[in-house]
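Q: So you can see what is in the structure, the chains are spelled out below.
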Amino acid sequence: MFDLETEIKNWLRQFRRHQAFNDGGRREMEIHLRDHIEDLISEGMDERTAFNEAVKSFGEIPPMADEEFLNIRSKSIFNLIPANAMLVNNFKIAARNFWKHKFYAFINLFGLTAGLSIVFMIGLFVSDELSYDQFHDNKDQLYRVVENQYYEGQPVFPVAVTPTALAPSLLAEHPEITKITRVSTESDRFQLGDSKVVEADGLYVEAAFFEMFTFPVTKGSLIGFKDQLNAIVLSEELAQKYFPDSDPIGQTMTVNNESFIVQAVVQDVPNNSHLNFTYAKNFEHYLAGDSARSSNWGSNWLYTYVQLDENAEFNTVNEKIIGQIKAHNENSVTDIYLQPLTDIYLGEVDFTADVSRKGQMIYVKIFSIVAIFILLLSCINFMNLSTARSAKRAKEVGLRKTVGASKPQLIIQFLSESILLSIVAVFLAFGIVVLVLPFFNQVANKEFSLQLLFASEFGFKVLLGVVVAALFTGLAAGSYPAIFLSSVKPILTLNSSGFKAKQGAGLRKVLVVVQFSISVILIIGTLVVYRQLEFIQGVDLGYNKENLMYTFVLNDKAEAFADELRKQRGIQNVGGSNSHPAYIMRSTSGIDWPGKNPEEMILIHYMGVDENYLKTFEMELLEGRHFNSSDSGVVILNEKALEVMNLDDPIGQSIQAGMPLRIVGVVKDFNFKSVHNDIEPLVIFKFNDPNRLYIKYDPVDRDLAVENLTNTWNEFFPGRSLEYNFLDQDFTELYQTEQRTSRLATYFAVLAILISSLGLFGLVAYATEQRSKEIGIRKVLGASVSSLFLLLTSDFTKLVLISLIVALPIGWYSMDSWLQGFAYRMELELWIFGISGIIALLIALATVSYQSLKASNSNPAKVLRTE
Amino acid sequence: MISKNLTAASTKPIILGVLKQGKSYGYLIIKKIKELSGGNMEWSDGMLYPVLHRLEKEKLIKSEWMISDDSRPRKYYEITELGKEALSVEKAQWTKVNSVLDQIWSVEPSN
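From first to last, the protein sequence lines are chains A and B.
Note that our numbering numbers the first sequence so that position 839 is 839, with each residue one more than the last.
Note that our numbering numbers the second sequence so that position 77 is 77, with each residue one more than the last.
Using 25 Å as the maximum straight-line C-alpha spacing, the simulated DSS-like pairs for lysine-lysine come out as follows:
| no. | chain 1 | residue 1 | chain 2 | residue 2 |
| --- | --- | --- | --- | --- |
| 1 | B | LYS75 | A | LYS56 |
| 2 | A | LYS9 | B | LYS75 |
| 3 | A | LYS226 | A | LYS179 |
Don't read these hints as lab results, they were simulated from the structure.
All chains should be modelled from the sequences, with the hints used to inform the complete structure.
A: In structure tokens, the structure reads:
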């Protein structure tokens, strides 16, 4: 029986053999045929004849298809690349694969996301550290003059500060130097309304400062700054603070009871500037204070910055200026050289009296390495899981190869999978970074903002980084599995005996060892940094820093104020000085003593204190006596100074420092710089007008002490605001770089362990899944749960043990080199390494155990049923 | 019967010419050509479609599916401005060929 519809369907089916026709094309043909048949029927033909006639008239389909194919081939450039369709197809297959194996896809995705988030954050941190001082237009011509001082029997002593008279002589004698400015850091009392406020971020600068550095003027002008002795330049922030409602230009400010006139306002100094200031005074104002000042060659106390001519050769200039100080000061032991501006922030030379905004190259390096490590960990996870699960994919590969897929095609297919995964991971990681940015800022002590992330220029760099990261990660993680899987021999995979994932097992083991070694090293690092921090904070500084607060006072009232404070309840003692006990930076080589070799230059630090200072800090007197209130022209030495001076019976002898000073005592060495430094020789002068008072309070009555301090302050200094600090807080700040590192290291170590464990978890899950039948049979034959557990865990435990053997020496070596940077360092104790090993082992065991127990406890009947 | 080669060469101007008279769909175009040639041009109907598709790709014609209530949906082709230009070029060429042939055939053979 002839059925027209069936025949038309059969006829249409022929078109399907040809790629050339799409759905629309086939529909067009169908309608043509039907129109023709309808016409023929209306002419009186029967259905069968009409169909045959219409088909005959339509003609052969293959030549038509060939014609049509020519059209399609040249349809568009897009379609000229046949791989394009394949690429889309590849991504489709990848997405389906992920969906089908959610567990493994999740492990991979989680690992990559975590790894990339860390990489992004470290990237932000590192790029910010490297961006310091890059914003100055003249940055390539700007240098800071620094010193190397050479003392008998001592290592080179690098110093960041220079004498007052250096700058004019450099400018006059070396034409390569086109501009020069002296810069000293200042802190002054400003009159704000009825009260006085201490502004701590001030500078003395010369007029050239604003020409050399890029600190744009927003209001006023710097013309004539040089001759205007009492000119002051404010940052926008300070201008807003003192003149919220009016134009600050031309206004008078009272600073240290002197009048200054606001000449200009400059933009706030960016965070990534090693020089930080909120106001700048004219250096000529300082020089005018005493005519002797400008010819001072002996005292190093200010920073000198120079701008070189664009054609000047840096090394040549360095050679010319090296003896500049010696040429003008015959006793000098100091060489000078130029330090490029952009090297200052991350410079690795530990200069004495360097600026306070100082980064540490070592942390930039450490964090960069950590970032690479963590990314490596997550890539290894991907590689291991992909190759381990190759047995599952091998059949697919075998089939693809049999029907004609080439090796490059397969490699591209597997790479598309890893790239797709990493693209997703990159976006997730970016989202995570945005979410945890505030927290990260707090930990890293940075001020990254979302605006910055999305700002045009920086945002573009971020985007570029993200794309590169996605491609790199995808390629790094995917290349090995891709090559491995595409090399599978089809005959092995399609054979029912099955393909075993034994291939690549050796490399997988190596990669697991690498992962756990990295994790163990990070654990060791975390523990050592943490312990060292505890150690330096507990170091016997040689004095008691607890329960001390300090405040600045006017010199002339200091003594009376201190006397009054001592009478107050809750206050145990008050001592005065001109220095902070942890930052004694004043030093001189101008001290003479009996028996000193006049050829030798020896650097001695000095500080001035009143008669109560040593008692307030509970410093221990080894010989002689404390100062008393009527003393003058007397000094106390520290042990180190005594050793350097080599005086047999010091008490009563005199040293020369412009005038004779009689030694009345010797104090036990105490630490007066960061514990990165060794103790150096120190001479303590009797000083009658201290500007800092240190107040020892009774910890039980701390609030009462503060209250009494406030009341007494108001009696003595009405209308002036009281500012006080606690000394132990200063110490916390002194070691904040270390504390930040410690916190960051902790997070990194936790994350590294997490990523590694996750990979191990996936591997074990897969291994036990593969061996489920073997376990079933073993159980049927009488194996106990515990013996099965041991069987399953021993493989992986062995790997972790090998990682320990690899990681412990590396950890020991690297932490030992880190500790070399501290004058006071803890012993590297064995238990730290023991604990690190045990932590890694326990985590690995816990990871392995869950899967192993699950497998050991499984019901053999269930797993064997299918055979 | 007109030879295959000549048929193929004339397809383009013929289709464009048909469409210049108004938009049309595949089956109707074929029908029209067959009528005009009196059945002397040997076409297999199917070969029309690759040509239509190629002309469309060359932007000489454009197409759209039209659905009306009383018949099947049909893909209508319409000549574009570019197509009209192409047609006049073709026309000039064919006329030229035609006039050459005319002249040759009107000349009496000389002795």
